[in-house]
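Peer 1: Now for the letters of each chain:
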Amino acid sequence: MGANVEMTTPHILEVRNVSKVFRIGGLIFAAKLTAVDDVSIALRRDSAEIVSIAGESGCGKTTLCRIILRIIEPTKGSVFYDGKDIFRMRGRELRDFRKSVQPIFQNPYEAICPFERVDFYLISTALNYGLAKSKADAIGVVEEALNTVGLDIKYIQGKYSHELSGGELQRSLIARALLSKPRILIADEPVSMIDASLRMGIINLFLDLKEKFNMSTLYITHDLATAYYVSDKIAIMYRGNIVEYGDATKVLEDPLHPYTKILLESIPTPDPYKKWKKEVSLSVLEIKEFEIAGCKFASRCPNAREICREKRPPDLDVESRRVKCWIFADTK
Amino acid sequence: MENSEITKVSNVRAYYKIFGGGEDSRYVRAVDDISFSLYNSEILGIAGESGCGKSTLIKVLYGLVDPPLVLLNGDVIYRIGDEEISIRDRRFKRKVQWKVCSYIPQSSMSVLNPVMRIKDHFFKIIQAHFRDIDERELYEDIEKHVQRLGLPVEALTSFPHQLSGGMRQRVVIALATFLKPRVILADEPTTALDVINQRGVLQLLIRIQREMRNTVVIVTHDMGVHAQTAQRLMVMYAGKIVELASTEEIFKNSYHPYVRILIDSLPFIGDKKRRPSLKGRPPSLLNPPSGCRFHPRCPFAEDACKRGEPPLVEVSYGHYVSCFKWERM
Amino acid sequence: MKKGKTIKLPKEFARFTWRNKGFVIGLSILTILIILAFGASYFSPYDPRRWNTAPRDMPPSWKYPLGTTTLGQDLFWLLTWALRNSLAIGFTGSLTGLAIGALLGFIAGYRGGNLDRAIILVADIFIAIPTLMLIILIGSIIKANLNIGILGVLYGILTWGMPVRNVRSMILSLREREFSYIDIFSGLSTSEIIFRHYFPYIFPWISMAAINRMFGAIGAEVTLAIFGLSAIDEATLGTMLYWALKYQALLRGVYWWILTPTVTLMLLFTSLYLTSVGLNIYLNPRTRLQRTIGGE
Numbered sequence: 050m051g052a053n054v055e056m057t058t059p060h061i062l063e064v065r066n067v068s069k070v071f072r073i074g075g076l077i078f079a080a081k082l083t084a085v086d087d088v089s090i091a092l093r094r095d096s097a098e099i100v101s102i103a104g105e106s107g108c109g110k111t112t113l114c115r116i117i118l119r120i121i122e123p124t125k126g127s128v129f130y131d132g133k134d135i136f137r138m139r140g141r142e143l144r145d146f147r148k149s150v151q152p153i154f155q156n157p158y159e160a161i162c163p164f165e166r167v168d169f170y171l172i173s174t175a176l177n178y179g180l181a182k183s184k185a186d187a188i189g190v191v192e193e194a195l196n197t198v199g200l201d202i203k204y205i206q207g208k209y210s211h212e213l214s215g216g217e218l219q220r221s222l223i224a225r226a227l228l229s230k231p232r233i234l235i236a237d238e239p240v241s242m243i244d245a246s247l248r249m250g251i252i253n254l255f256l257d258l259k260e261k262f263n264m265s266t267l268y269i270t271h272d273l274a275t276a277y278y279v280s281d282k283i284a285i286m287y288r289g290n291i292v293e294y295g296d297a298t299k300v301l302e303d304p305l306h307p308y309t310k311i312l313l314e315s316i317p318t319p320d321p322y323k324k325w326k327k328e329v330s331l332s333v334l335e336i337k338e339f340e341i342a343g344c345k346f347a348s349r350c351p352n353a354r355e356i357c358r359e360k361r362p363p364d365l366d367v368e369s370r371r372v373k374c375w376i377f378a379d380t381k
Numbered sequence: 006m007e008n009s010e011i012t013k014v015s016n017v018r019a020y021y022k023i024f025g026g027g028e029d030s031r032y033v034r035a036v037d038d039i040s041f042s043l044y045n046s047e048i049l050g051i052a053g054e055s056g057c058g059k060s061t062l063i064k065v066l067y068g069l070v071d072p073p074l075v076l077l078n079g080d081v082i083y084r085i086g087d088e089e090i091s092i093r094d095r096r097f098k099r100k101v102q103w104k105v106c107s108y109i110p111q112s113s114m115s116v117l118n119p120v121m122r123i124k125d126h127f128f129k130i131i132q133a134h135f136r137d138i139d140e141r142e143l144y145e146d147i148e149k150h151v152q153r154l155g156l157p158v159e160a161l162t163s164f165p166h167q168l169s170g171g172m173r174q175r176v177v178i179a180l181a182t183f184l185k186p187r188v189i190l191a192d193e194p195t196t197a198l199d200v201i202n203q204r205g206v207l208q209l210l211i212r213i214q215r216e217m218r219n220t221v222v223i224v225t226h227d228m229g230v231h232a233q234t235a236q237r238l239m240v241m242y243a244g245k246i247v248e249l250a251s252t253e254e255i256f257k258n259s260y261h262p263y264v265r266i267l268i269d270s271l272p273f274i275g276d277k278k279r280r281p282s283l284k285g286r287p288p289s290l291l292n293p294p295s296g297c298r299f300h301p302r303c304p305f306a307e308d309a310c311k312r313g314e315p316p317l318v319e320v321s322y323g324h325y326v327s328c329f330k331w332e333r334m
Numbered sequence: 358m359k360k361g362k363t364i365k366l367p368k369e370f371a372r373f374t375w376r377n378k379g380f381v382i383g384l385s386i387l388t389i390l391i392i393l394a395f396g397a398s399y400f401s402p403y404d405p406r407r408w409n410t411a412p413r414d415m416p417p418s419w420k421y422p423l424g425t426t427t428l429g430q431d432l433f434w435l436l437t438w439a440l441r442n443s444l445a446i447g448f449t450g451s452l453t454g455l456a457i458g459a460l461l462g463f464i465a466g467y468r469g470g471n472l473d474r475a476i477i478l479v480a481d482i483f484i485a486i487p488t489l490m491l492i493i494l495i496g497s498i499i500k501a502n503l504n505i506g507i508l509g510v511l512y513g514i515l516t517w518g519m520p521v522r523n524v525r526s527m528i529l530s531l532r533e534r535e536f537s538y539i540d541i542f543s544g545l546s547t548s549e550i551i552f553r554h555y556f557p558y559i560f561p562w563i564s565m566a567a568i569n570r571m572f573g574a575i576g577a578e579v580t581l582a583i584f585g586l587s588a589i590d591e592a593t594l595g596t597m598l599y600w601a602l603k604y605q606a607l608l609r610g611v612y613w614w615i616l617t618p619t620v621t622l623m624l625l626f627t628s629l630y631l632t633s634v635g636l637n638i639y640l641n642p643r644t645r646l647q648r649t650i651g652g653e
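Chains as they are written, first to last, in this note's numbering: chain A, 50 to 381; chain B, 6 to 334; chain C, 358 to 653.
Keep in mind the hints are simulated off the structure, nothing from the lab.
Predicted model only: the values in this text are computed from it and were never measured.
Don't take every hint at face value.
Said to hold, decoys possible - So these bits of chain C aren't anywhere near chain A, every CB distance computed over 12 Å:
id, residue
1, Ile389
2, Arg407
3, Pro416
4, Lys420
5, Leu531
6, Asp540
7, Ile550
8, Tyr555
9, Pro557
10, Tyr639
Claimed, not checked - BS3-like mimics (lysine-lysine), calculated; alpha carbons at most 27 Å apart, straight line:
id, chain 1, residue 1, chain 2, residue 2
11, A, Lys259, B, Lys149
12, A, Lys299, A, Lys259
13, A, Lys230, B, Lys284
14, A, Lys327, B, Lys284
Note that the Cβ used here is the ideal one computed from N, Cα and C, for glycine as well.
Could you build all of it, start to finish, from the sequences and the hints given here?
Peer 2: Take a look at the structure:
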């Protein structure tokens with residue numbers, strides 16, 4: 050795999066069977082950690098959509114995000130943007146890729162150099178991607194982008210990252226990402242470090258960007274309620290695998306995979322009239338993590354069977370979504 | 006039903022003293038004139054976001070007032086039987102901490118010693134408070150205790166790093182509840198855990214409270230956790246209490262604009278309609294806004310809100326609000 | 358090459374010096390020594406190295422502030438020349454090695470791959486070489502020809518290994534930080550990234566290393582000179598010690614002769630240390646950011 054696909058594919062971004070294995074430890078006693086295991090996901094070309102990758106910490110979603118951003122190389126599989134293998138891109142093609150696919154990271158204070166002014170990043174991006182020819186033009190373009198995210202350029206000018214609040218800084222960085230008018234935004238937990246009362250303001254931005262500018266977003270999060278609110282499609286990740294992938298409303302209102310079910314049951318619903326009823330069983334709680342054959346969730350799954358512990362479950366199409374679970378193999 | 010007061014917090018002002026590089030010392034006004042009561046047999050939630058002072062308040066409740074934190078004003082008094090002990094009392098540490106009132110921090114590793122086995126943690130605590138204990142009997146009690154909390158006995162002979170995060174937090178809860186304290190203070194007990202373990206730990210706390218009929222205070226910014234666990238809920242903003250009422254009242258019938266917007270902005274599965282968001286930036290505790298601390302971000306703010314601080318008034322039974330315009334809501 | 362200046366420099370610096378008196382003391386002494394070395398030394402009325410330019414074994418007096426040596430040399434002017442030469446060796450040794458090492462470290466860290474492995478291999482070889490021994494060996498062979506210039510450069514050439522490793526590891530860790538990725542996605546050029554964004558992290562280390570390496574360079578010079586393995590006719594702090602020991606100044610009661618270079622060396626090293634520590638507190642990115650954020 051990995052050949053350049055020259056014809057127009059229906060997907061603007063395609064992740065095909067990507068795996069990433071890390072070797073940790075020294076020269077002799079090294080252990081293998083499979084962070085991402087045979088993951089395939091795609092974003093449509095014809096219409097903008099918001100696809101969430103959701104999972105608990107350690108499930109591999111951040112590693113996957115870095116692979117898609119071409120920051121880490123996968124051990125197996127490929128990522129295609131507009132039909133071209135991103136890991137074979139160089140020069141011009143690579144520059145266009147970075148123009149069209151922009152990141153937003155979790156911690157805005159780490160995302161820019163603390164010794165640098167925030168407007169430097171914005172103006173530089175505008176100039177470097179040819180959106181303005183002079184600094185004066187660049188300022189105009191930057192002002193527009195800042196207004197889109199609800200900020201005033203007069204407020205941001207001359208400030209360093211530590212002079213802005215988390216919400217303001219994250220908005221500024223989203224403005225920076227917007228400048229080159231990307232096709233896709235890759236947002237890695239963009240609001241988890243921001244106060245809950247301010248989150249919606251930023252999350253609503255992603256919805257606005259989809260409607261107004263036809264921008265797709267790959268939204269990575271551990272918060273299923275937020276994922277439900279913002280996304281069209283969702284992929285639930287567990288230990289490097291995508292266990293369920295489909296329409297967000299369907300997956301989250303009517304989950305199929307046992308892990309998705311337990312995950313949804315565990316979310317503390319912010320409604321005191323809808324309290325948890327039964328106590329979660331202890332078998333579901335992990336004792337220790339191991340590398341195992343078979344389905345990775347089998348040791349905690351209330352519906353596990355023999356085959357789950359022995360063989361890796363395949364991806365099955367059930368009810369217009371993809372589920373990685375042996376239970377649904379019978380129904381086929 | 007006995008619901009007597011077990012702790013009285015009166016006009017507590019707890020600030021952090023900081024030196025701004027050679028200038029006169031300035032204060033971070035983390036807890037600014039707070040008064041409320043804790044009752045027997047209840048779960049109180051303390052909610053609020055970054056810079057509201059809830060973590061500091063919990064430390065004060067536990068008597069952990071060490072520099073740079075200073076207790077400028079006010080007091081916290083615990084009523085144990087007929088005795089009353091204040092946190093300012095020199096005997097507070099020995100008589101109250103861990104025995105009457107225990108503390109569960111956010112990170113289990115602040116409590117657990119990485120080079121000590123779990124059972125030794127128990128022994129160390131017991132030996133600090135009691136003498137002449139039969140070790141074998143004690144060990145049996147410990148085993149029974151941890152099993153009741155859902156931990157395997159093997160956990161006792163393990164080191165902390167051999168247990169997963171969720172298990173460690175349960176161990177910390179076991180340590181904190183072994184001496185059957187009347188008050189358990191939990192500071193973001195599940196923030197570092199994944200969602201499934203979070204539910205396990207929270208259900209454990211609820212069960213403990215039900216069995217021991219004691220008081221549990223849970224501090225967290227996660228409103229979902231409060232909805233599931235708290236019976237009464239106190240919302241803090243910029244070092245002050247803005248609303249205190251039963252959880253149901255807070256979620257369905259709140260009077261304070263901040264609380265209203267906060268609740269309305271929470272997403273949950275089942276409803277995709279657009280939600281509002283608060284504006285502006287979190288308040289500075291170094292230079293809090295004048296008058297009502299929330300006025301710069303409040304959609305209903307008026308002149309009076311800038312000039313005077315609204316008092317905490319009881320607007321219905323057990324429901325307190327600190328807002329000049331509460332009737333408008 | 359503009360750096361982002363975060364606060365008004367003079368006011369903050371003034372505040373800093375008030376709270377770090379050690380730094381002020383160290384810097385003052387160092388300044389005095391440098392003025393003696395590179396200012397006063399040019400005003401010497403005679404070549405202080407020449408014997409019998411002054412009466413022998415005179416204790417300190419108005420005419421001869423530090424006294425004279427058994428060889429008939431004015432200790433004060435001799436000291437100024439010795440300081441100049443020793444400091445010159447210190448600067449040369451420190452900076453040549455640092456320049457080579459830092460440059461190669463940058464390249465190795467940023468480029469990676471086989472170039473990185475090659476540079477590291479050579480650097481490790483140089484690190485493994487015992488510097489002082491090799492210098493002593495070379496000194497014992499070429500003795501009087503080991504003059505100031507050569508000694509400084511020699512030290513630099515032998516010690517460029519560690520700076521390579523240090524700079525390389527700093528660059529490696531900076532490359533993994535999220536702002537490096539955002540820099541790339543903002544279209545910044547490699548030199549912009551290194552000189553605008555990495556520089557504030559690396560510069561403090563470089564200035565610290567420059568000062569700290571002087572200990573090694575001057576120490577090497579003194580060690581060689583005491584054993585008579587360098588150009589003993591030159592005036593350096595080490596050679597002063599050599600001659601004073603050779604003529605048994607201590608036993609004969611000519612205390613001012615042996616004490617002058619000793620005390621000067623102590624003052625030099627102490628002031629270097631205090632300056633270096635104070636500079637680190639001031640420039641270290643972590644404390645610097647804490648200061649600016651805390652002081653708002």
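Peer 1: Each hint needs a verdict: does it hold in this structure or not?
Peer 2: Quick rundown of the hints versus the structure:
No Cβ of chain A comes within 12 Å of the Cβ of Ile389 of chain C; the nearest lies about 34 Å off, and the non-interface call holds. Against the 12 Å criterion, Arg407 of chain C stays outside the reach of chain A, whose nearest CB is about 54 Å from its own CB. Residue placement check: Pro416 of chain C keeps its beta carbon more than 12 Å from all beta carbons of chain A (closest about 56 Å). Against the 12 Å criterion, Lys420 of chain C stays outside the reach of chain A, whose nearest CB is about 55 Å from its own CB.
Its closest Cβ contact with chain A, about 9 Å, brings Leu531 of chain C to no more than 12 Å, contrary to its assignment away from the interface. Its closest Cβ contact with chain A, about 7 Å, brings Asp540 of chain C to no more than 12 Å, contrary to its assignment away from the interface. With a least beta-carbon separation of about 9 Å from chain A, Ile550 of chain C fails to lie farther than 12 Å from that chain, contradicting its non-interface assignment. Look at Tyr555 of chain C: its CB is around 8 Å from the nearest CB on chain A, not clear of 12 Å, so calling it non-interface is violated.
Look at Pro557 of chain C: its CB is around 4 Å from the nearest CB on chain A, not clear of 12 Å, so calling it non-interface is violated. With a least beta-carbon separation of about 14 Å from chain A, Tyr639 of chain C lies farther than 12 Å from that chain, consistent with its non-interface assignment. Of the supplied pair hints, the one linking Lys259 of chain A and Lys149 of chain B is violated, its CA atoms being roughly 56 Å apart against a limit of 27 Å. With a CA separation close to 21 Å, the supplied pair Lys299 of chain A and Lys259 of chain A stays within the 27 Å bound.
Under the criterion of a C-alpha separation no larger than 27 Å, the hint pairing Lys230 of chain A with Lys284 of chain B is consistent with the structure, at around 26 Å. Between Lys327 of chain A and Lys284 of chain B, the direct Cα distance comes to roughly 38 Å. Violation of the 27 Å bound is thereby established for this hinted pair.
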